[in-house]
Amino acid sequence: MSGRVHALFLLAIGLLRVLLRRLFAFGPRGLPAFQQHYLSDGLSPVNSPQRQLLLEGGGCTACGRCDEGESARIQEAGGAYTGVMSIVLGASRNMPDYGVTARALDFVPDAVLVDKEQNCPVRVPIVALAALLRDKAADARGGSPVTVSPQSQPPPARG
1 MSGRVHALFL LAIGLLRVLL RRLFAFGPRG LPAFQQHYLS DGLSPVNSPQ RQLLLEGGGC
61 TACGRCDEGE SARIQEAGGA YTGVMSIVLG ASRNMPDYGV TARALDFVPD AVLVDKEQNC
121 PVRVPIVALA ALLRDKAADA RGGSPVTVSP QSQPPPARG
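Residues in the sequence shown are numbered from 1 upward in steps of one, following this note's numbering.
No wet-lab data here; the hints were simulated from the structure. Just so it is clear, the structure is predicted and the values come from calculations on it, not from any experiment. Among the hints, a few may not be true.
Unchecked claim - DEER-style ranges, computed between Cβ atoms:
1) Phe26 with Pro109: 20 to 28 Å
2) Val112 with Gly58: 20 to 28 Å
3) Val100 with Ser2: 48 to 56 Å
Positions of the beta carbon are idealized from the N, C-alpha and C atoms, including for glycine.
Working from the sequences, and respecting the hints, build out all of it.
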């Protein structure tokens, strides 16, 4: 059997398996299936406003301006908090790490976050990101599941 014929044969078998599984599949589908498979890994679904917020947080240029004046809190935290910038960058990274990032928020009063947000040169929504981090960390700990509105759209395709 030539390589091309063999590849087509394998693709055909794969297609048949997918179609048969969809026809005879039992169990949750969609959002419940996602939660069943990934919630234990610390991944919870995000709705459109949350997705937009994460994209805005990804605009952080890591200038360090939000870490100015944080040395006392950083030292007091003993490694659990390394500055506001690390919280913002953590929000735009790996969702399973949100629990660690959210614990760092315990060292920063919300009033300080408001001040840091106002001084951010690229206007990263630090306060809203902090709230999202806390919510997602609670979801990962087994909090109430997130409801995603039917209007939620997948992220736009990247060119």
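Comparing the hints with the structure gives:
| no. | hint | result |
| --- | --- | --- |
| 1 | Phe26 with Pro109: 20 to 28 Å | violated, 50 Å |
| 2 | Val112 with Gly58: 20 to 28 Å | holds, 22 Å |
| 3 | Val100 with Ser2: 48 to 56 Å | holds, 52 Å |
Violated hint: 1 only; the structure is consistent with all others.
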